[in-house]
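*Asks:* Chain by chain, the residues:
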Amino acid sequence: MKKQLYSAEHAKFLKKRKKNLALIWSLRIGLLVLLLGLWELVTALGWVDPFLMSSPSRIAKTIGALYLDGTLFYHIGVTLGETLLGFAVAVGLGCLIALALWWSDTLRRVLEPYIVVLNALPKIALGPLIIVWCGTGSKAIIFMTVLVGIIVAILHMLSAFIETDKNKILLLRSMGASKFQILRKLVIPSSLAAFISMLKVAVGMAWIGSIMGEYIVSRAGLGYLIVYGGQVFKLDLVMSATVILCFLAAGMYFLVVLLEKFLVKNTDN
Amino acid sequence: MKKEILRFDDVALTYHTVRGEVTAAEHLTFSVDEGEFVAIIGPSGCGKTTLLSLAAGLLSPSEGKVISRGTFGYMLQKDELFPWRTIEKNICLPLEIKHQNTLGNRARVLALADKYGLCGFLQNYPHELSGGMRQRAALIRTLASEPDILLLDEPFSALDYQTRLNVTGDVAEIIRREGKTTLLITHDISEAISLADRILVLTKRPARVAYTHELDFGEEKNPLKRREASGFSGWFEVLWRELNT
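Residue numbers (this note's numbering), protein chains in the order written: chain A, 298 to 566; chain B, 150 to 394.
So here's chain A without its partners, still in its complex pose (with noise of 0.2 Å):
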């Protein structure tokens, strides 16, 4: 950044907006704040029964109890290992399935009516095929979150690849380039932004996927303690792994913004 000399009039105009964002966010926190001593107030007040609602306290108390009888971070990470390992699957081979249906267009055609019925299946209905086929185990929960997040991620890249500009493709031919050329020097780099905002999407499908799994099959994670404190009517368990569910998800998909940040940072165009 060049250091620069503004006149008073834009010292003005960036004091307001520094005024204006910092009001955006203490309205933010303040909103969380207000919800979460409503939620406090009317379950300790007896309005509601916190039995079934539970509570901000008790949601503490549970993930207190969990971290100190030593299952909270492998719930966690038994979860956040196949959510992760499922995404990474889904992305890569997603690319390269797309990589694969661009370059051969006979390829694309025969494929495009199986991919749009896959894209339109509900995946969970494959649950009990998924447990015949992998049992029980993780794999199975990974073979869940991969299923999920494969299709969006060739779907998302194929047509970015296919959108890439005709007139620079008929550039690179002039000068002689051949299929891998215009692959390498052009249509990767172009998808750039489409790949960003593909691993945005994938990273909910990532956690769709490995929640259903685990609603499915599993014996630990933390989509395993919502089913349990389901089924045995221990809703501050259900509520305790939503919310270290939100952190997880909110924590992912702030990685893939930082990770545009770094990638991005040459080509604002």
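It is possible that part of the hints are untrue.
Derived pair list, reagent style DSS-like, types lysine-lysine, alpha-carbon separation capped at 30 Å [said to hold, decoys possible]:
1. LYS214/B x LYS463/A
2. LYS264/B x LYS465/A
3. LYS465/A x LYS151/B
4. LYS353/B x LYS463/A
5. LYS329/B x LYS476/A
6. LYS482/A x LYS247/B
7. LYS238/B x LYS482/A
8. LYS465/A x LYS374/B
9. LYS463/A x LYS329/B
10. LYS247/B x LYS465/A
11. LYS238/B x LYS214/B
The hints are simulated quantities; they were obtained by calculation from the structure and are not laboratory data.
Let chain A serve as the given structure and place chain B on it in line with the hints.
*Replies:* Relative to chain A, chain B alone:
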């Protein structure tokens, strides 16, 4: 005696689509000599761009022959600089594609950029440059692989009028100084008159060469000066009439 570098010999081209077939060109015959600046004008939709693709060998003719003795450099309507590459990497792109990315070649391209006023911008990204500078960078990129023939496909039409006159002057000077054979496609009559040694007028589709004119501006190659020359409006009227018959 001038040497012929590109020749279209009774060329026809037919496109096939699901809806039917379109004859884009028929009995198309002309030639371009080494060092010559030829402009091609024609009514819109007459297949001018097809003609450049034929010349560059990106399309093969349905009938007839396209004979060329040399390599091509293509310059398009928009600069088509890659936004994720610096200007230096953009203008060296043809070297990478042709596997000629040697130190010597890079030095030659950078010297060219230096000569034509791009040296301060080599590490900038395209969006940081003005439209005129970007088009100039696009020309240096086209020249990077030392093509024998430049194919220009309405390279100035995306610029605003003032920039356009300036850039046209720039580009004309660079091309004349580098002594390149050039084939310019345009729908702008005055642009064609201000730049070319010879103008070919095409018919409506299927495109054929309807008229050929040798321009008589003598040694005056400066496009702005030509616009002021006495013969300019006369040429404009002739070409205007021919385009609209």
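*Asks:* Measure nothing beyond the straight line between the CA atoms of LYS247/B and LYS465/A; if it is 30 Å or shorter, mark the hint as holding.
*Replies:* OK: LYS247/B and LYS465/A at ~16 Å, within 30 Å.
*Asks:* Take the C-alpha atoms of LYS238/B and LYS214/B, compute the straight-line distance between them, and say whether it is at most 30 Å.
*Replies:* violated, 36 Å
*Asks:* Given the hint that LYS329/B pairs with LYS476/A, does the C-alpha gap stay at or below 30 Å?
*Replies:* holds, 29 Å
*Asks:* Against the 30 Å threshold, does the CA-CA distance of LYS264/B and LYS465/A hold or violate the hint?
*Replies:* holds, 26 Å
*Asks:* For the pair we were handed, LYS465/A and LYS374/B, check the Cα-Cα distance against 30 Å.
*Replies:* Given that 30 Å is the threshold and the Cα spacing comes to 34 Å, the pair is violated.
*Asks:* Need the status of pair LYS353/B, LYS463/A: alpha-carbon distance at most 30 Å?
*Replies:* Given that 30 Å is the threshold and the Cα spacing comes to 25 Å, the pair holds.
*Asks:* Mind checking the alpha carbons of LYS463/A and LYS329/B for me, to see if they're no more than 30 Å apart?
*Replies:* Distance of about 27 Å is within 30 Å: holds.
*Asks:* Quick one, are LYS214/B and LYS463/A close enough, alpha carbons at most 30 Å?
*Replies:* At roughly 27 Å apart (the allowed maximum being 30 Å), LYS463/A and LYS214/B satisfy the hint.
*Asks:* Decide if the proposed pair is consistent with the structure: LYS465/A and LYS151/B, CA atoms, cutoff 30 Å inclusive.
*Replies:* Since the Cα atoms of LYS465/A and LYS151/B sit roughly 35 Å apart, the hinted pair is violated (cutoff 30 Å).
*Asks:* Holds or violated: are the alpha carbons of LYS238/B and LYS482/A at most 30 Å from each other?
*Replies:* Satisfied, since the Cα-Cα distance of roughly 11 Å is no more than 30 Å.
*Asks:* Does the structure keep LYS482/A and LYS247/B at a Cα separation of 30 Å or less?
*Replies:* Within the cut-off at roughly 13 Å; holds.
In the structure shown, a violation is registered for the earlier hints numbered 3, 8, 11, in ascending order.
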